[in-house]
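Please arrange chain X on chain S, whose structure you already have, making use of the hints.
Number of protein chains: 2
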Amino acid sequence: MVEPVYFEDIAVGDSFAFGPLTVTRDEVIAFAAEFDPQPFHLSDEAAAATHFGSLSASGWHTTALFMKMFVAEMQREPARQAASLGAMGVDELRWLRPVRPGDTLRGISEVIDLKASRSRPEMGIVKNRVTIFNQKDEAVMTMVPIAMWRTRPAQG
Amino acid sequence: MVEPVYFEDIAVGDSFAFGPLTVTRDEVIAFAAEFDPQPFHLSDEAAAATHFGSLSASGWHTTALFMKMFVAEMQREPARQAASLGAMGVDELRWLRPVRPGDTLRGISEVIDLKASRSRPEMGIVKNRVTIFNQKDEAVMTMVPIAMWRTRPAQG
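Order-wise, the sequence lines are chains S and X.
Numbered according to UniProt numbering, the first sequence spans residues 1 to 156.
Numbered according to UniProt numbering, the second sequence spans residues 1 to 156.
Each statement offered as a hint is correct.
Note that the list lumps identical chains together, so a pair holds whenever it fits in one copy or between two copies.
The calculated EDC-like cross-link candidates involving lysine to aspartate or glutamate, where the alpha carbons are at most 20 Å apart (straight line), are:
{"no.": "1", "residue 1": "68", "residue 2": "34"}
{"no.": "2", "residue 1": "68", "residue 2": "36"}
{"no.": "3", "residue 1": "68", "residue 2": "26"}
In case anyone wonders, no lab produced these hints; they're calculated from the structure.
Same shape as in the complex, but just chain S (with noise of 0.2 Å):
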């Protein structure tokens, strides 16, 4: 049994790094498709029409392909998994390039902030700076996840 990284043993500074995933023209149209069938999202020559020039996914499509690459590095993480309770929310999303077929995303988070859970002593907040970067290491996507950790048990 790994011992679980808890509230207490995170600092401010501390990064984490996912990735990388090639995201290919087929599962662009499928995500849009199903849930953000706007034209520029499912076809070049639609996208030829707009400031986005050719094929782009969807900015929700994005962040699931961050959802999708965080979870595969905490799963072979345990001891990160065992004290993670999820997340509240997400501040400051902001969507600075076009993901485009064929682009390979790897992302970075780092800790911006700690606070204990007054309400809830059992809790602590974790919120991160996470940085979504291309294959030409441009910043895609970057967003401040709130999320809620695990705080080491009182000693009995």
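Just chain X, lined up with the frame of chain S:
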């Protein structure tokens, strides 16, 4: 040809309703299996061991379902669709309650802030407060998308 709803036609307090949409167990599991394979998003058995209690949708599935409802409603209103330039991001995304298989979601978007763009006179920035409700009229998610909107072309 419908006259577009330009930035100048939008007022703080304007609201826009969308949905409903019912999410199935198969959809919850399929989304999670692809993008957020944490055990509590994959089976009731695993969820029973967590604070979720039973199967709940990935928060990113809920954002994707928001977009699905929102785009469907936009596509019924060509006047709005013509002047929308997409979103640059989202502030204050909060997952307030679990979304469960069989839940029927709906949403409302209300304009809370309007700002002309100094650098790009052809567009304005529209902030909306979005609330997603379940069939019990409980808010399950809130957020503030930041949309770009075409301004009325100058008369030549």
